[in-house]
Amino acid sequence: MTEVDLCHVGLSQIDLGDCTFELRSFSDSNRLADSLARAGILDPVWLGEKSGKFFVVDGFKRLRWAKDKGSDCLFCRIFKEGCDLRRVWVEKLEKRLCEGEINLAEKAQIIAVLAELFGPGEIPGFFLSGLKAANRPEAIRKWLLLAGKGPRMLEALASGEVCERAAMEISDWDDPGFDSVLALLRALKCSASIQVEIVERISEIAIRQESSRAAVLELAPVREILSREMNHREKTAALRQYLAEVRNPRLSLRRKRFQRELEALGLPLGARVVPPEAFEGGEWSMQLSFTRPEELRKIFRLAEPVVASNRLDKVFEK
Amino acid sequence: MKIRPPRKVVLESAVAKSPLSETLRKNLPAASFEIVDRVRDVSARSPDLLEVVDFHGRFLKSCPGTRHYNCCGYRILNLGTQCSINCTYCILQVYLNQPNLRLFGNLDGMFRELSDFFDQNRGCLHRIGTGEFTDSLLLDPFTGITRSIVPFFASTPNGVLELKTKTDSVGNLIGLDHGGHTIVAWSLNPEEVQRREEPLSATISERLEAARACSGEGYFLAFHFDPIIDYPRWKSGYAQTLDRLFDTVDPARIVWISLGALRFMPELKTIVKARHPASRIVYGEFIRGLDGKMRYFRDIRAEFYSFIVERIRKVDPGLCVYLCMESDDVWLDSFGFSPGRRGGLSGMLDRAVEQRMGIVPSIASPAEADQPASGCKAC
Ligand code: SF4
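Residue numbers (the working numbering), protein chains in the order written: chain A, 56 to 373; chain B, 60 to 438.
For reference, chain A alone in the conformation it holds in the complex (with noise of 0.2 Å):
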């Protein structure tokens, strides 16, 4: 067992500066304030003893409250002077897994410090399920890169505008790829696997052209797309399109083509040539759409010299 100790200590005796063992939430929630300011401080705020005064290890939102609130001493659970601080951070995490909901900011920096204690291949298995986390050494890797990339990384992860997934995908990014990704995804504000299927879309099309993913975020009709005074639902439709029409050139240059001919054929409205999906496999149908069967008499009548022209054949074209 770590030696332990539950006493006062003074405000003044503490070093709040030292942040060792701070986990950011990077969450702006009011619950604990609001308890605060209706209980107060309910369970002892965790301290180490160094050289005589205290630096802490659980506790520093309950700190700086009880410091804003003028108090001068409050109740503690005090590691002694000398103690393992390899148990001190794992008691503080078998705490912190306990409190339930972890966000993935709190979760990147808790794998981080996991890797540190016991090495990235060494994590205790229960740690990681507690985590929710995959006991790949490919996600730990991931995971302490997200934990290395800064405060706006964590922020994003913590209000949850870039989803675990799509975090995963761009953890390995390099620096001016990265930056710009994050401000997309931030700006987008959209479902977790319409961010994947962009971060997907913007590697594959990087791999493609052998260029890089700041480059294909740099392309002008990107940029067109982003500054455009649409919402962000609009520009999200606009950018998937695009991307998949350039990760995808021939399969949307025929269905382009595909588009052009049938407009050309004229066709009377309520009827519709539809393809098979990508165009695989023989099976096209036509479409008719009416209310009243006098309406499908007229498309019918009005269909007739179109498909027995040879116009037809155009549209099948490949």
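Only pairs whose alpha carbons sit at most 30 Å apart, straight line, appear in this in silico BS3-like list of lysine-lysine:
| # | chain 1 | residue 1 | chain 2 | residue 2 |
| --- | --- | --- | --- | --- |
| 1 | A | K135 | A | K122 |
| 2 | A | K187 | B | K332 |
| 3 | A | K105 | A | K124 |
| 4 | B | K67 | B | K85 |
| 5 | B | K328 | A | K244 |
| 6 | A | K373 | B | K352 |
| 7 | B | K328 | A | K290 |
Computed beta-carbon distance windows for the label pairs:
| # | chain 1 | residue 1 | chain 2 | residue 2 | range |
| --- | --- | --- | --- | --- | --- |
| 8 | B | R347 | A | S90 | 48 to 56 Å |
| 9 | B | K373 | A | A299 | 37 to 45 Å |
| 10 | B | G116 | A | N190 | 30 to 38 Å |
Coverage of chain B stretches by chain A, computed from C-beta distances (three or more under 8 Å per stretch; other residues unrestricted):
| # | stretch |
| --- | --- |
| 11 | 341-349 |
| 12 | 354-368 |
| 13 | 385-397 |
Because the hints were derived from the structure by calculation, they are not lab data. All residues carry an ideal CB built from backbone N, CA and C; glycine is no exception.
We have chain A already, so just place chain B with the ligand on it with the hints.
This is chain B with the ligand only, laid out in the frame that chain A set:
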């Protein structure tokens, strides 16, 4: 090509004394041998390990075609699983619980099953291949399986064995009595693709030299441009390989050439990205096919096929060229006809065997004459 011999062989006790295990002991003097009751599934791959198990399933299976694409009507003879050639696109990578090289040690059971099959299905031709779940010749220098299986097919009136490989391990085939019933087949790609995506395989030159040697021994040959890979210089790459092929072997010895563009189960993408980070193959222009596999957009596939078919036609217009798992509309674009117009893909391949190899199954006994019009219970 230098094949690294397994350094450790784990034998299931039921097959520890089988002829295959004895041959392995003789041909792998430096390897350690361990006998276990049962080889367990594992998740980590041990590159130097060979497992020899007592196989309880069926050795002979039908080609897993789907209704959306034309299937060749091939049968697969399962001799083992996994492969150490480590091609970036290899489908076997998704079988994560059995990652090690594995052979089925009860070959007596396999020959029994084959004999029964041929006894019961005499009326028509059976094209049977061993290269579906492993490379047909990868371990042959150590197992010598071809030395029993090739003569077995020579004794069947209506069986054709196709050995598919990316190796040049044809040593055991030399001097065998194959009776003209074995096709030795190589998968081909441009040199550049081979170096990048199949780095541990025999080079294209080595494969073609091995093909020439087999042809010299009277074997029939086949070639599979599968998987065809899209990359910026694909036209010159495939043209060069075709030129080299026809410079090295007499087209008259080739029974068929198949073409198949890269296709893969979606889950393979993550595996390829993790295992082969330098490979670019998963970044092609893929769509999800009607069978759920990722395939190049059909216009890209049709362009590959038309280009290659045209070049083959110039050399040998009568050579059977077919598409592996493609729909009628891609056939029409690439060949100008669909297999249905030529009696189906299976019929096209049977005819190729008949015309090039001279194998025509004949109904020999009155009992067999009672068999259905196709002449065969299995078809
Ligand atoms: S040779 Fe065939 S079986 Fe072996 S790794 Fe390559 S694709 Fe897979």
